[in-house]
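The residues making up each chain are set out below.
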Amino acid sequence: SQQGEEDPQALSIQEGENATMNCSYKTSINNLQWYRQNSGRGLVHLILIRSNEREKHSGRLRVTLDTSKKSSSLLITASRAADTASYFCATDKVSGTASKLTFGTGTRLQVTL
Amino acid sequence: GAGVSQSPSNKVTEKGKDVELRCDPISGHTALYWYRQSLGQGLEFLIYFQGNSAPDKSGLPSDRFSAERTGGSVSTLTIQRTQQEDSAVYLCASSSNRDGETQYFGPGTRLLVL
Chain H
274 SQQGEEDPQA LSIQEGENAT MNCSYKTSIN NLQWYRQNSG RGLVHLILIR SNEREKHSGR
334 LRVTLDTSKK SSSLLITASR AADTASYFCA TDKVSGTASK LTFGTGTRLQ VTL
Chain Z
79 GAGVSQSPSN KVTEKGKDVE LRCDPISGHT ALYWYRQSLG QGLEFLIYFQ GNSAPDKSGL
139 PSDRFSAERT GGSVSTLTIQ RTQQEDSAVY LCASSSNRDG ETQYFGPGTR LLVL
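Chains as they are written, first to last, in this note's numbering: chain H, 274 to 386; chain Z, 79 to 192.
Take every hint as true, because none was put in to throw you off.
If you anchor each label on the Cβ, the simulated ranges turn out as follows:
| # | chain 1 | residue 1 | chain 2 | residue 2 | range |
| --- | --- | --- | --- | --- | --- |
| 1 | H | 285 | Z | 146 | 41 to 47 Å |
| 2 | Z | 192 | H | 329 | 41 to 47 Å |
| 3 | Z | 151 | H | 328 | 36 to 42 Å |
| 4 | H | 327 | Z | 177 | 21 to 27 Å |
Bear in mind the hints are in silico, worked out from the structure with no lab data behind them. Glycine included, C-beta positions come from ideal geometry on N, C-alpha and C.
Generate coordinates for the entire structure from the input sequences, incorporating the hints supplied.
Written out as structure tokens, the structure reads:
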């Protein structure tokens, strides 16, 4: 079953604008991760934020985590057409080792020129 | 180095037939995962293998689904007596001991059951 829900389901913006996607989850977690998927194929890991962190940056990506609200947001600044993809959050209950991820339903981002 | 590879890329089969999907993880990765993604949906966990430990099969939807991992490397996901609702993209991922939290995904196998 899906732990996470993401909103919006779809987002269309123009190149240069910022894109914000939100993810909510239901149970306690060790970390939350964001993945990107192009054309319904393999996923690419973007960023991981741990339960004791509130904000993390990587290039044009900014992730926040609010464990009290069980929610996270992914901000992509200065978007580019190449950012067009589906974005998924995934939660992990276990620290430091392999475990199954529970994915959200995803946000489809369309960046137009 | 090479990433996770999966074969076939696409598979069309008739209802009731058995199918085998293959995953080659990144060399040296000790953990291997299978997920399923139905049309327009998020990913659903199926099974994962970690080293020599017993696999976590808690996500397999029915006893028609099984998976094995030979020699701690290649894995095969088998679906017996396929049904139309099995149509989906089946994604494999692997992770290393050093960074077990980051999973590296293959391109997936798109299965269509007619």
